[in-house]
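Those sequence lines, one after another, are chains G and C. The numbering used here numbers the first residue of the first sequence as 1 and each following residue consecutively. The numbering used here numbers the first residue of the second sequence as 1 and each following residue consecutively.
Derived by calculation from the structure, the hints in this document are not laboratory data. These numbers were taken from a predicted model, which means no experiment stands behind them. It is possible that some hints are incorrect.
[What the hints assert, rightly or not] Derived lysine to aspartate or glutamate pairs resembling DMTMM-like cross-links, with alpha carbons at most 25 Å apart:
#, chain 1, residue 1, chain 2, residue 2
1, C, Lys52, C, Asp68
2, G, Lys38, G, Glu57
3, C, Lys52, C, Asp42
4, C, Lys38, G, Glu57
5, G, Lys35, G, Asp14
6, G, Lys35, C, Asp78
7, G, Lys52, G, Asp42
8, G, Lys52, G, Asp78
9, G, Lys54, G, Asp14
10, G, Lys38, C, Asp78
11, C, Lys35, G, Asp78
12, C, Lys54, C, Asp78
There are 2 protein chains.
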Amino acid sequence: MTLVQLRYLIAVVDANLNITAAAARLNATQPGISKQLKLLEDELGFQVFVRKGKSLERTTPAGVEVIDRARSVLVETDNIRSLAADFQQQSDGELHIIATQTQARLFLPRVLGVLKAQYPALGIRQSYFSENPAAATSESESVDLSVVSASEHESVGSPAIPLYRWRRSLLVPAGHPLTRLGRAITLADIAEHPLVSYPSMARAGSSVSRAFTLSSLTPRFVGTAQDPELIKSYVRSGLGVGLIAEMAVSASDGADLVAIDIGDLLPTCTAWAVLRRDTVARRYTLDLLRLLAPRYSLQDISRLLRDGRPLPDRPAPWWSDVQAHEPVVPLHPTPAPSNVTAFPAAHVRRGGC
Amino acid sequence: MTLVQLRYLIAVVDANLNITAAAARLNATQPGISKQLKLLEDELGFQVFVRKGKSLERTTPAGVEVIDRARSVLVETDNIRSLAADFQQQSDGELHIIATQTQARLFLPRVLGVLKAQYPALGIRQSYFSENPAAATSESESVDLSVVSASEHESVGSPAIPLYRWRRSLLVPAGHPLTRLGRAITLADIAEHPLVSYPSMARAGSSVSRAFTLSSLTPRFVGTAQDPELIKSYVRSGLGVGLIAEMAVSASDGADLVAIDIGDLLPTCTAWAVLRRDTVARRYTLDLLRLLAPRYSLQDISRLLRDGRPLPDRPAPWWSDVQAHEPVVPLHPTPAPSNVTAFPAAHVRRGGC
DNA sequence: CGCGTTTACGTCGTTCGTAACGATA
DNA sequence: TATCGTTACGAACGACGTAAACGCG
Numbered sequence: 001m002t003l004v005q006l007r008y009l010i011a012v013v014d015a016n017l018n019i020t021a022a023a024a025r026l027n028a029t030q031p032g033i034s035k036q037l038k039l040l041e042d043e044l045g046f047q048v049f050v051r052k053g054k055s056l057e058r059t060t061p062a063g064v065e066v067i068d069r070a071r072s073v074l075v076e077t078d079n080i081r082s083l084a085a086d087f088q089q090q091s092d093g094e095l096h097i098i099a100t101q102t103q104a105r106l107f108l109p110r111v112l113g114v115l116k117a118q119y120p121a122l123g124i125r126q127s128y129f130s131e132n133p134a135a136a137t138s139e140s141e142s143v144d145l146s147v148v149s150a151s152e153h154e155s156v157g158s159p160a161i162p163l164y165r166w167r168r169s170l171l172v173p174a175g176h177p178l179t180r181l182g183r184a185i186t187l188a189d190i191a192e193h194p195l196v197s198y199p200s201m202a203r204a205g206s207s208v209s210r211a212f213t214l215s216s217l218t219p220r221f222v223g224t225a226q227d228p229e230l231i232k233s234y235v236r237s238g239l240g241v242g243l244i245a246e247m248a249v250s251a252s253d254g255a256d257l258v259a260i261d262i263g264d265l266l267p268t269c270t271a272w273a274v275l276r277r278d279t280v281a282r283r284y285t286l287d288l289l290r291l292l293a294p295r296y297s298l299q300d301i302s303r304l305l306r307d308g309r310p311l312p313d314r315p316a317p318w319w320s321d322v323q324a325h326e327p328v329v330p331l332h333p334t335p336a337p338s339n340v341t342a343f344p345a346a347h348v349r350r351g352g353c
Numbered sequence: 001m002t003l004v005q006l007r008y009l010i011a012v013v014d015a016n017l018n019i020t021a022a023a024a025r026l027n028a029t030q031p032g033i034s035k036q037l038k039l040l041e042d043e044l045g046f047q048v049f050v051r052k053g054k055s056l057e058r059t060t061p062a063g064v065e066v067i068d069r070a071r072s073v074l075v076e077t078d079n080i081r082s083l084a085a086d087f088q089q090q091s092d093g094e095l096h097i098i099a100t101q102t103q104a105r106l107f108l109p110r111v112l113g114v115l116k117a118q119y120p121a122l123g124i125r126q127s128y129f130s131e132n133p134a135a136a137t138s139e140s141e142s143v144d145l146s147v148v149s150a151s152e153h154e155s156v157g158s159p160a161i162p163l164y165r166w167r168r169s170l171l172v173p174a175g176h177p178l179t180r181l182g183r184a185i186t187l188a189d190i191a192e193h194p195l196v197s198y199p200s201m202a203r204a205g206s207s208v209s210r211a212f213t214l215s216s217l218t219p220r221f222v223g224t225a226q227d228p229e230l231i232k233s234y235v236r237s238g239l240g241v242g243l244i245a246e247m248a249v250s251a252s253d254g255a256d257l258v259a260i261d262i263g264d265l266l267p268t269c270t271a272w273a274v275l276r277r278d279t280v281a282r283r284y285t286l287d288l289l290r291l292l293a294p295r296y297s298l299q300d301i302s303r304l305l306r307d308g309r310p311l312p313d314r315p316a317p318w319w320s321d322v323q324a325h326e327p328v329v330p331l332h333p334t335p336a337p338s339n340v341t342a343f344p345a346a347h348v349r350r351g352g353c
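Using the sequences plus the hints, can you model the full thing?
Take a look at the structure:
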């Protein structure tokens with residue numbers, strides 16, 4: 001058993017059992033991977049893959065067990081590498097953030113600029129959550145940080161940091177009947193109109209759906225989109241009224257759209273930064289978290305990630321407050337990590353394996 | 001980074017930073033380990049060990065982090081190997097059990113014989129808990145199963161299976177004043193005499209100590225020993241009265257020792273089988289657990305180990321009941337593991353790495 | 001016939017063991 | 001001087017890449 005073999009194994013699994021594709025992604029040759037897989041199976045004494053003819057058809061039950069453990073091995077070796085990179089004060093690397101389109105476009109850019117100024121060599125990879133929850137597991141493999149919104153924090157065991165709280169806004173075309181209501185709006189008023197919103201809100205069992213059903217109302221969702229701009233287009237075209245995050249409402253939306261304050265008709269949301277458990281965060285990840293949630297100290301965050309100790313109880317600010325202030329916390333020059341006798345950089349061998 | 005490097009690293013750490021000793025234990029050469037350690041440090045970019053002259057003096061803070069992760073990597077690779085061995089229906093291996101002397105001599109032999117009959121090729125390694133708690137972490141590295149006694153289960157996060165309940169017995173020399181008490185014995189009676197017992201009971205804060213202090217009594221422990229036979233010798237020699245596990249009291253103790261039933265003066269104990277978290281148990285380990293606690297099914301135990309799901313709530317039997325019956329549950333012929341397409345044994349390569 | 005896997009084979013890099021050296025108590 | 005770690009070097013193993021063969025759709 002070799003780390004290389006385990007990595008090949010995982011790469012092949014993640015490439016949908018296509019060895020050639022895995023080889024391309026790994027900068028390896030296809031016969032090499034094929035051979036190493038066979039060696040691994042020889043050593044284990046059973047097949048990890050069911051072969052149909054010559055191609056890999058599926059994994060065996062025993063193989064799944066092995067794959068799970070191999071994943072965990074690779075996570076830990078990546079952790080070791082992260083530790084090493086940080087202790088060396090290396091400022092390069094790649095930060096993979098996955099977020100909703102709203103968060104990615106309206107919230108993250110504020111702080112990513114500051115982060116990038118501190119770490120010029122840092123590569124930032126952004127991706128959106130895919131609509132299909134089934135794909136969530138495989139795509140979240142190499143994600144350093146995900147930014148999600150939830151009405152309350154469903155504890156999935158992953159460490160999460162609350163970032164800010166936000167409300168929904170009701171977006172209607174100018175001149176829409178709801179703009180001439182003459183009284184405070186109610187859920188019943190909203191339910192009378194076809195709705196356009198995020199898929200997560202339209203899902204049965206979501207906090208929005210529950211709020212309606214608690215009032216014995218059944219909202220009619222006529223369209224969903226991840227992209228708030230797309231929702232706006234739908235609203236403009238008269239498809240329905242939009243229910244979107246307040247962050248997505250801006251003055252530049254023009255006079256043809258009107259945002260209606262719905263107060264506390266729907267539960268407020270909290271945006272969370274979720275990290276993977278059992279993974280070591282690079283220094284820039286910690287710095288990003290400090291930018292995102294400056295009310296927590298580096299110690300608070302480190303303790304959460306390392307020991308799972310909960311964060312001190314501080315209410316997350318409202319979006320309006322977040323938006324009002326530029327990120328005021330400049331990044332301190334990164335403090336030297338605990339006393340390390342590092343090698344001079346020239347000796348450092350950027351390791352293969 | 002290589003699995004071999006990580007294993008060398010851990011071996012050196014566990015050999016108290018003595019490379020030569022680690023080499024002997026690993027059937028490797030000392031220069032080889034030395035070189036691989038250096039390569040690892042080169043790749044990491046910092047020193048894992050502080051060297052004093054040429055010998056390894058201590059680990060660096062960064063090194064400790066790496067060592068922790070490396071441990072976890074090795075645990076997972078061992079898990080993979082265990083999976084493989086089980087899926088191959090291999091019945092060899094080594095079962096490392098650590099237990100108190102009382103458990104090891106008076107409880108475990110009952111079932112180990114049955115287990116050994118089922119797995120003739122199985123090597124069983126017994127060791128005792130050392131008196132020094134500081135050594136507990138390093139010695140418990142490769143332990144598959146530990147059998148401990150505790151008044152209540154302190155949840156350390158490790159999966160634990162309750163085995164049986166037992167009481168303490170008071171052991172006095174024949175003709176001792178306590179045998180002529182003429183009334184029910186009390187804690188105050190006991191506290192009047194010098195006590196000989198296990199170190200765990202004599203420790204401040206133990207359940208025994210607490211029971212005495214709750215009655216405003218301070219027991220005088222004049223001697224402690226792990227070995228119940230040693231305690232008996234002390235009692236025979238008149239050093240004091242013995243407070244030992246009922247399992248250790250037997251008819252063969254002779255007429256010079258008298259066991260006094262102390263009823264519920266002291267809290268009862270429960271013997272637990274504790275397994276390491278995140279480690280895959282071999283089939284023979286599961287079978288041993290079924291022998292030790294036949295009231296739980298294989299499914300119950302598997303669920304506990306795999307998902308941490310708690311066991312069904314069944315009271316553990318008293319020692320007297322355990323002792324009364326021979327282990328009645330014969331081991332079923334091990335059921336075939338989930339559908340695995342195994343290689344013929346001839347193809348199996350007993351892996352190096 | 002294209003796609004993908006396996007097998008074969010030559011080359012290269014790496015590891016391992018022996019031996020010698022250096023440093024420390 | 002004994003013990004322990006490092007360096008040096010030769011031999012052998014193992015991995016990788018190219019090329020070709022095989023199966024399948």
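Cross-check of the supplied hints:
Only pairs whose Cα atoms come within 25 Å are accepted, and Lys52 of chain C paired with Asp68 of chain C is accepted, the gap being roughly 23 Å. With a C-alpha separation of about 15 Å, the suggested pairing of Lys38 of chain G with Glu57 of chain G holds against the 25 Å cut-off. Between the alpha carbons of Lys52 of chain C and Asp42 of chain C the distance comes to roughly 18 Å, so the proposed pair stays at or under 25 Å and holds. Proposed proximity of Lys38 of chain C and Glu57 of chain G is contradicted: the alpha carbons are some 42 Å apart, above 25 Å.
About 18 Å separates the Cα atoms of Lys35 of chain G and Asp14 of chain G, which keeps this hinted pair within 25 Å; it holds. Using a Cα cut-off of 25 Å, the hinted pair Lys35 of chain G and Asp78 of chain C holds, with the two alpha carbons roughly 22 Å apart. Distance hint between Lys52 of chain G and Asp42 of chain G is fulfilled; the C-alpha atoms sit about 18 Å from each other, no more than 25 Å. About 33 Å separates the Cα atoms of Lys52 of chain G and Asp78 of chain G, which puts this hinted pair outside 25 Å; it is violated.
For the given pair, Lys54 of chain G sits about 19 Å from Asp14 of chain G by alpha-carbon distance, which is consistent with the 25 Å threshold. Between Lys38 of chain G and Asp78 of chain C the CA atoms are separated by roughly 19 Å; this keeps the pair inside 25 Å, and the hint holds. Taking the CA atoms of Lys35 of chain C and Asp78 of chain G, the gap is near 22 Å; set against the 25 Å cutoff, the hint holds. Using a Cα cut-off of 25 Å, the hinted pair Lys54 of chain C and Asp78 of chain C is violated, with the two alpha carbons roughly 32 Å apart.
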